[in-house]
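Given the structure of chain A, go ahead and fit chain B onto it with the hints provided.
Number of protein chains: 2
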Amino acid sequence: MKSVDIRELFQNTQAYSDREIMVEGWIRTNRGSKNFGFIELNDGTFFKNLQVVYEEDMDNFKDVAKLSIATAISVKGLLVETPDAKQPFELKAKEVCVEAPSSSDFPLQKKRHTFEYLRTIAHLRPRGNTYAAVFRVRSLVSYAIHKFFQERDFVYVHTPIITGSDAEGAGEMFHVTTIDLNNVPKTQEGTVDFSRDFFKKSTNLTVSGQLEGECYALAYKKIYTFGPTFRSENSNTARHAAEFWMIEPEIAFADLNDYMDLAEEMIKYIIDYVMQHAPEEMQFFNSFIDKGLLERLNHVASSDFKRITYSEAVELLQASDKEFEYPVEWGLDLQTEHERYLTEEVFQKPVFVTDYPKDIKAFYMRVNDDNKTVAAADLLVPGIGEIIGGSQREERMDVLIDRMKSIGLNEEEYWWYLELRKYGGVKHAGYGLGLERMIMYLTGMSNIRDVLPFPRTVGTAEF
Amino acid sequence: MKSVDIRELFQNTQAYSDREIMVEGWIRTNRGSKNFGFIELNDGTFFKNLQVVYEEDMDNFKDVAKLSIATAISVKGLLVETPDAKQPFELKAKEVCVEAPSSSDFPLQKKRHTFEYLRTIAHLRPRGNTYAAVFRVRSLVSYAIHKFFQERDFVYVHTPIITGSDAEGAGEMFHVTTIDLNNVPKTQEGTVDFSRDFFKKSTNLTVSGQLEGECYALAYKKIYTFGPTFRSENSNTARHAAEFWMIEPEIAFADLNDYMDLAEEMIKYIIDYVMQHAPEEMQFFNSFIDKGLLERLNHVASSDFKRITYSEAVELLQASDKEFEYPVEWGLDLQTEHERYLTEEVFQKPVFVTDYPKDIKAFYMRVNDDNKTVAAADLLVPGIGEIIGGSQREERMDVLIDRMKSIGLNEEEYWWYLELRKYGGVKHAGYGLGLERMIMYLTGMSNIRDVLPFPRTVGTAEF
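Note that the protein sequences, when read in sequence, are chains A and B.
Sequential numbering from 1 applies to the first sequence in the numbering used here.
Sequential numbering from 464 applies to the second sequence in the numbering used here.
What the hints contain is simulated information worked out from the structure, not anything from laboratory work.
Do not take every clue at face value.
Unchecked claim - Computed cross-link-like contacts, SDA-like style, restricted to lysine to any residue with a CA-CA straight-line distance of at most 25 Å:
#1 Lys147/A with Asp735/B
#2 Lys610/B with Met275/A
#3 Lys147/A with Lys610/B
#4 Lys48/A with His113/A
#5 Lys186/A with Thr923/B
#6 Lys649/B with Thr178/A
#7 Lys201/A with Asn697/B
#8 Lys186/A with Phe657/B
#9 Lys664/B with Thr120/A
#10 Lys200/A with Ser774/B
What the hints assert, rightly or not - If the Cβ cut is set under 7 Å, some of the chain B residues that face chain A in the computed set are:
#11 Ala535
#12 Glu562
#13 His586
#14 Arg590
#15 Val639
#16 Thr640
#17 Thr641
#18 Leu644
#19 Val655
#20 Phe716
#21 Trp879
#22 Lys885
By construction, the Cβ of each residue, glycine as well, lies at the ideal position given by its N, Cα and C atoms.
For reference, chain A alone in the conformation it holds in the complex (with noise of 0.2 Å):
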C-alpha cells in the first residue's frame, strides 16, 4: 500500500474519506490511556498534524502509547470525519509500525524554546511549528518570485558568485582563495603571489550581481538574478547575515518609473500568492509572532504604494514632532527610524523614496538633470524600513566614467560593463529585493537568523 501526504488529506478529504489508507511522519504528541490514545502525526507536507487514534484491540497497544515525539511511523487505518470536533477528520489506525525510533531527549518537546535555543539545533528546528513556517514560506516566496518573473518572460541569469571585481565599490568582501594560509606564496616585492593562486588573481565572493546583470538585460530585455550574495560586514544586528539571498531584476528600454511598477507589482503578486498557498502558516504567524499581520499584509496588496521624492521626504521629516536619535538633512542618507516613520505613521502603506543625492548613492546610478540627485528609488515598507532598493542605470559613457573616477574605481577593470553603452546602450534600470528580508516582512520574524535555514553571521557557521 502506498503512503499517502497528509496534505493531500486535509486538501481533497472526500477522496479519502472512509477509505483505508496508509500514512507516514513523526510523531508530535502521543496522548495514551489505559484504553485509547491519540497521536499527532506531522509528515511535514501539511502544517497541521493528522489525529491518530488507537485503540487497546491493537495488537501492539501497549509499545504504541509508549513511543515517544519524534518517532517515525507508518500508520494503516480507516480515515473518518469528525464534523463536530475540532480537526476535521482522524485516522482510525488498525496498524502502527515504527518506521525509526526516536530517544527519549529529542529537544523539541512541547515546551516553548526560545529563538536563541533553537538556533543551535538548526538541523532540527524545522520540526517544529513556528520554522517549519518559516521555511515553507520561504519556499513558496522563493517559487512565486520565479513564476512572477517567468509568466513575464524574464529570462533567469545565474551571475557569477566568485569574482575578480566589486559591484559596489565596496570593501568588506570575503576573499576566495586556494592558497595554504599557513605559506602565503609571496612576490618578489613581498607581496601575495596570487599567480599562484587558483584564479591566477585575487578574488571575492559577490556582493551583487547587478553589473553582470546589466549585460544580459541588454540581451534579452528582461532578465533577472536568484542567488546568494556575501557582505563580511561586522554587524552582529538582528538585521544583518553575512550570506543572504538577492534577486534582482533588470530591464532595459525602461526608466525608474518602469521599475517602480514592476516591484510593486511583484510584491503585491508575492503576497497574494503566500496567502493562498499558505493560509495555515499565514494564520499561525499572525496569532503567534505578529498580531495584526494578515491585516497589514492584505492592506499593502490591495493600496498604491506612495511615489515621494528624498527632497519631499525630507521635509516631512524636518516637519514632524517625532524625535530622531539621527540627524535629518538634505544630503544625509535616511536612517531605518525614518524610513518607518514614513511608511508606518505618515503614509501607513509602502512608499517609494526617489531622486536620492546622488553622493549617498552608487556610482552606477543615473544622475539627473539638477546634477545633485540620482534616478534611484528605495521601497519602504512598514515594519521593516527599505525592502528594495534600486535605480535606472547611468547609461551615458562620459557621466559613468566621471563617477567611476570621482569614487576611484579602475576604469580597466570595468571595460565590459563601460562596454554596454557603446554598443546600444539603452537606457535601463533594476532593483534588488533581499529574499530574507522579504520573508521577514511576511512572517513577522524579526531576526534575519530565524529566516535562514543555517545563518552565516560573525563569528557563526555552524551546521
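Leaving out everything else, chain B in the frame of chain A:
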C-alpha cells in the same frame, strides 16, 4: 504608445495584425537599398527577429539606412501578415527612432565566430543566436525544475554556501576568509590564528548541500536544494568548472527505487517543458549544434530508463569487443567511456547503474546486505555519461560512524548529521543533478564554459 514585445507578436499575431504598434529592440542586420530597406530587429524576448521594412518616404530614411548593428531603436508602424514570404509578418515602419547608438566595431557581426573567441566577450555573447538560445534554455530548465518540485509539494531549501564542513570528505575546496593574506595572524604555535577570521574558524565554499538537505528532508519529507557549488579541482577540461549549479532533492520514507522513479520523472518533465517553451531554440540546436538532438530527446522522453547493477555493467563491459582506454574490473570506478558505451551502444537510452562497490562511493551511502556494495545509483545518458548521482543514505548510526572513521572524518564535526539518526531517522534517499550537464545534454553544447554565463575555471575569473 506602449511598446509590444516581439515574442507577443509571434505568439499572438492575430491581436496585432493590421494594427499600428510600437516595438523596441536592437538591430541584428540592416540592409538598405536606394528606395527601401530591411532591418532584422531583436528585442531579446524571442529567438526570431522581427522584419522591419522602411521606405524612402520616411523622413530620416537615409539615416536609418546607415544604422549599424546593435543600435537600439524604437519603431512605430503597421504589422502586416505576409503568408507567402519566409517570415509570417513584417512591420511596415512609419517612424524609426534611435534609442541608443552603437559603435560600428560591434564584435558580433554576421560572420561566424569561434566559441573560444566569444568566451572573451561574455558580456556581449548572449546577443548572438547560439548563446541567446543557450541561456534562455538555461532559464527555462531552471524554472522547469522548480515547477516540477513545487507541484509535488517539495520544499525549496537554501543550504549554506559558506561551510565549516566538507560534505564529501574530499579536499578540493576554496577557502573563504577575511584574513589579509599579506599579513596572516599566527597563534603562538605558529599556525594560522583563525580566531581573527570572520567566522572565528576555517571556512570553505560548499561542495554539496546534501547533508544539510537531509536535515530538512527529515522535517518536510520532500525537499530540494538549487544553488551554486564549488570545486577547486585543477581540471582544465570541457566538463569541469570551479563554480556550477546543483539541484539536490532529498526524500524521506524513501529508498533507492523511489529516488530513481523521481529522477526519471524529473528528467522527462524537464525535456518536455523545454521542448514546449523553446521550440525555436531547440530547432536551432538541432540544425546547427547537434544534428539528431531532437530525435534523441524525444526518444528519451518516451522510453523507460534501464536499471542495471554495477556488477551487471562490469560483465557487459568485459564481454564487449570494444577497446577501452581504462581497465574494467569489479571494484574500479566506471569511466566516461564505459558509461557512454553502456548508455549509447548497449541500451541506447538512459541507464541507472546501481549498487556500486562501497569503497569507491561516499561514506553516507547505505551499505547493502552483502556488505560490499552500497545503495547508490548513477544515471547515465547518451552523449554525456553521468548526469545524476544519488543514493539511499545510511540511516544506521553504528554503520555510519564506522564508515566515517574508516575515511578519517571527524565525528564531532558531524554531530548534527549523526543526530539525525537518533531522532526518527527514517530511511531516506536523494540525488544531485548538475545543472550545466543537464543543459549540455539538452542543447548539444559540448563545453561547460558555453552554458555558464560567466564561467569560472582554473586561471579564469573574468567579468
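Structure-based check of all given hints:
1. Lys147/A with Asp735/B: Roughly 18 Å between the alpha carbons, so the hint for Lys147/A and Asp735/B holds.
2. Lys610/B with Met275/A: 19 Å, holds
3. Lys147/A with Lys610/B: 9 Å, holds
4. Lys48/A with His113/A: 20 Å, holds
5. Lys186/A with Thr923/B: Judged against 25 Å, a Cα distance of about 21 Å means the pair holds.
6. Lys649/B with Thr178/A: Given that 25 Å is the threshold and the Cα spacing comes to 18 Å, the pair holds.
7. Lys201/A with Asn697/B: Holds - the C-alpha atoms of Asn697/B and Lys201/A are around 15 Å apart, at most 25 Å.
8. Lys186/A with Phe657/B: Since the Cα atoms of Lys186/A and Phe657/B sit roughly 21 Å apart, the hinted pair holds (cutoff 25 Å).
9. Lys664/B with Thr120/A: 17 Å, holds
10. Lys200/A with Ser774/B: Roughly 43 Å between the alpha carbons, so the hint for Lys200/A and Ser774/B is violated.
11. Ala535: 4 Å, holds
12. Glu562: It holds, given that the least Cβ distance between Glu562/B and chain A is near 5 Å, below 7 Å.
13. His586: 4 Å, holds
14. Arg590: Status holds, d = 5 Å.
15. Val639: This hint holds: Val639/B lies near chain A, its Cβ roughly 5 Å from the closest one there, short of 7 Å.
16. Thr640: With a closest approach of 5 Å, the Thr640/B hint holds.
17. Thr641: Constraint on Thr641/B satisfied, holds at 5 Å.
18. Leu644: 5 Å, holds
19. Val655: 5 Å, holds
20. Phe716: For Phe716/B, the interface hint holds, since the closest Cβ of chain A sits about 5 Å away, which is under 7 Å.
21. Trp879: 4 Å, holds
22. Lys885: With Cβ-Cβ at 5 Å, under 7 Å, it holds.
Against the hints set out earlier in the document, a violation occurs for number 10 only.
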